[in-house]
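Colleague: From first to last, the protein sequence lines are chains R and Y.
Per numbering that gives the first Met the number 0, the very first residue in the first sequence carries number 0; after that it's consecutive.
Per numbering that gives the first Met the number 0, the very first residue in the second sequence carries number 0; after that it's consecutive.
Hints were generated in silico from the structure; no laboratory data involved.
Some hints here could point you the wrong way.
Unchecked claim - Ranges of calculated distance between the beta carbons of each label pair, as one might list FRET restraints: (1) R:252 with Y:102: 33 to 39 Å; (2) Y:76 with R:208: 50 to 56 Å; (3) R:146 with Y:57: 52 to 58 Å; (4) Y:75 with R:143: 54 to 60 Å; (5) R:14 with Y:73: 49 to 55 Å; (6) Y:37 with R:19: 22 to 28 Å.
Claimed, not checked - In silico EDC-like links for lysine to aspartate or glutamate, alpha-carbon gap of 20 Å or less: (7) Y:101 with Y:91; (8) Y:101 with R:84; (9) Y:101 with R:56; (10) Y:101 with R:200; (11) Y:101 with Y:137.
Idealized CB from N, CA, C, for every residue including glycine.
As a plain string of letters, each chain reads:
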Amino acid sequence: MGGLTNGGPVQAWGDRGVFRPRELGSPSLAAGAPWRLGGEVAVPDTVLEAGRVGALEVRAASTRGTSHRFDGVVRQDAVGVTELDERYVLVAVADGVGAAADAHRGANLAVHHALGYLAWALPGTDLHAVDLVAALHAADRGVREAGPAPADRSTTLTVAVVEAGPARRYRIARVGDSPAFLLADGAFLPLFAGWDSYLADPGTDCLPSPRDPAQRAGGVLRAGQALVLASDGIGVPVQDTQAGAYLAHAWAEPPGPVAYLHQLQFDLRSFDDDRTAVVVWGEP
Amino acid sequence: MPEQILPFYVVCDQSYSMADHLDALNDGLAELHRAVGTDPVVADKTRFCLVGFSGTAEILQPLCRLSDVVEIVGLTTQAGTNFGAAFTLLRETIERDVELLKSDAHRVYRPAVFFLSDGHPTDPGVWPDAYERLRDPEWPARPNIISFGIGDADAATIGRIGTFQAFMSTGGVGPAAALHGFARALTTSVVRSGGITADGDLVLQVPDRVAGFVALQVDPV
């Protein structure tokens with residue numbers, strides 16, 4: 000419950016002091032409300048991963064938005080990062096479609112099957128030849144065949160492979176609107192074109208059985224640049240609000256793992272969706 | 000500071016034929032005000048506007064954050080039931096509000112209209128044209144409309160006005176208690192990633208049952 004700190008006003012529920020989420024605008028009411036447990040043992044509020052692979056620094060986190068925390072709803076984003084023989088970093092981000100009953104399950108299945116495919120396919124080939132779209136197909140099958148009512152497991156999926164060696168090439172493929180960026184010279188450069196619609200439109204293509212072909216991107220991670228895969232809980236505020244400048248500054252260099260999680264917890268009224276981001280820095 | 004905003008327009012018939020229901024509606028609006036003001040998830044993302052109509056239409060509460068309003072203006076009965084005036088004012092108001100929000104760099108979601116009436120318009124030859132302008136597919140800010148028929152309402156008219164849901168009162172229960180449920184369901188379903196229909200429209204998750212009401216068949220737009 001609330002308490003007094005340094006004679007200040009009664010504080011909202013949650014972290015205090017250096018752990019207090021950074022307010023980037025008008026504080027949200029939802030951020031100060033007590034969380035409720037999500038009800039799924041296998042899907043905790045937050046997952047955090049970090050590591051160094053060759054010349055790459057990796058940070059990854061997926062964390063419930065204030066709306067799911069307030070409502071006691073399970074996190075519907077999923078994230079997976081892994082390394083392969085110190086040669087590659089494999090990344091997957093999935094944003095379970097909010098309207099689907101088992102969106103969190105779809106998101107986790109998609110990440111699991113996509114990374115499983117890449118871990119199987121890559122050792123026998125190289126980045127240039129590996130079929131990223133086949134990884135999306137493997138995820139599509141995994142989501143569809145996991146039980147009845149596959150549409151209840153609808154999810155976006157973005158996968159990426161980054162070379163840990165000196166070349167640091169990367170390739171990305173996705174179904175749905177989960178964004179990817181190159182963080183370069185203090186700015187987030189989108190790697191996929193967004194829709195320029197008059198009204199905000201959360202509708203997205205998704206697994207299983209996507210409507211549209213997969214989208215692809217690729218390039219080389221130059222010294223000091225970072226590759227960012229995200230759910231739109233991070234991608235939207237990064238593109239449309241001061242969260243972009245805040246995170247670009249915070250991620251100029253790889254932060255410590257706990258600092259990274261704290262940075263994702265910024266408070267900005269109405270941006271209450273689940274937040275997921277993977278950042279892969281190339282060593283300067 | 001850019002925000003994500005879902006604008007709601009509550010449009011209430013305050014013609015004489017509604018006299019028996021206005022006290023319940025006013026109580027319901029006060030309850031909606033209290034419920035939304037204390038529901039952080041809805042309060043953070045929504046703005047509300049109250050429109051009353053009879054022979055003319057007027058904005059009783061301009062679009063605002065409900066948690067910023069001390070008290071909602073009450074409905075009072077007047078002569079006439081001019082649906083056309085309500086729809087014309089709505090189209091002008093939504094157009095202006097959305098432009099204003101967008102000019103402040105906000106991300107605006109498709110507005111929602113709750114239309115409450117006993118469904119006996121006194122301008123039968125006029126309102127359909129005004130209604131068509133409100134749901135014009137070429138107008139990017141066209142709202143989703145949920146209609147509620149109250150009292151001795153005309154089901155055919157109420158069913159025609161709701162663009163994706165319409166309800167008829169079965170007596171006793173006022174609709175305002177249902178509005179918070181709708182506001183909440185729409186707020187969560189429009190803001191998170193959503194599935195899309197074959198036409199590319201967002202699938203909205205809203206209650207298909209409302210206590211004290213029966214759902215009507217709605218013609219797809």
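Colleague: Evaluate each hint against the coordinates.
Modeller: Hints and how they fare:
Taken as a hint, the range 33 to 39 Å holds for the pair residue 252 (chain R) and residue 102 (chain Y), whose Cβ atoms sit roughly 37 Å apart. Checked against the hint of 50 to 56 Å, the pair residue 76 (chain Y) and residue 208 (chain R) passes, with Cβ atoms roughly 54 Å apart. For the pair residue 146 (chain R) and residue 57 (chain Y), the supplied restraint of 52 to 58 Å holds, since their beta-carbon distance comes to about 54 Å. Take residue 75 (chain Y) and residue 143 (chain R): their Cβ atoms lie about 57 Å apart, and the range 54 to 60 Å holds.
Taken as a hint, the range 49 to 55 Å is violated for the pair residue 14 (chain R) and residue 73 (chain Y), whose Cβ atoms sit roughly 42 Å apart. Checked against the given bound of 22 to 28 Å, the beta carbons of residue 37 (chain Y) and residue 19 (chain R), roughly 23 Å apart, stay inside it. Distance restraint check for residue 101 (chain Y) and residue 91 (chain Y): the Cα-Cα separation of roughly 16 Å lies within the 20 Å cut-off, and the hinted pair is therefore satisfied. With a C-alpha separation of about 49 Å, the suggested pairing of residue 101 (chain Y) with residue 84 (chain R) is violated against the 20 Å cut-off.
The straight-line distance between the Cα atoms of residue 101 (chain Y) and residue 56 (chain R) is roughly 38 Å, outside the 20 Å bound, and the hint therefore fails. Among the hinted pairs, residue 101 (chain Y) with residue 200 (chain R) is consistent with the structure: their alpha-carbon atoms are about 14 Å apart, no more than 20 Å. As the CA atoms of residue 101 (chain Y) and residue 137 (chain Y) are separated by approximately 18 Å, the hinted pair is consistent with the 20 Å bound.
Hints 5, 8, 9, counting from the list given before, are not met by this structure.
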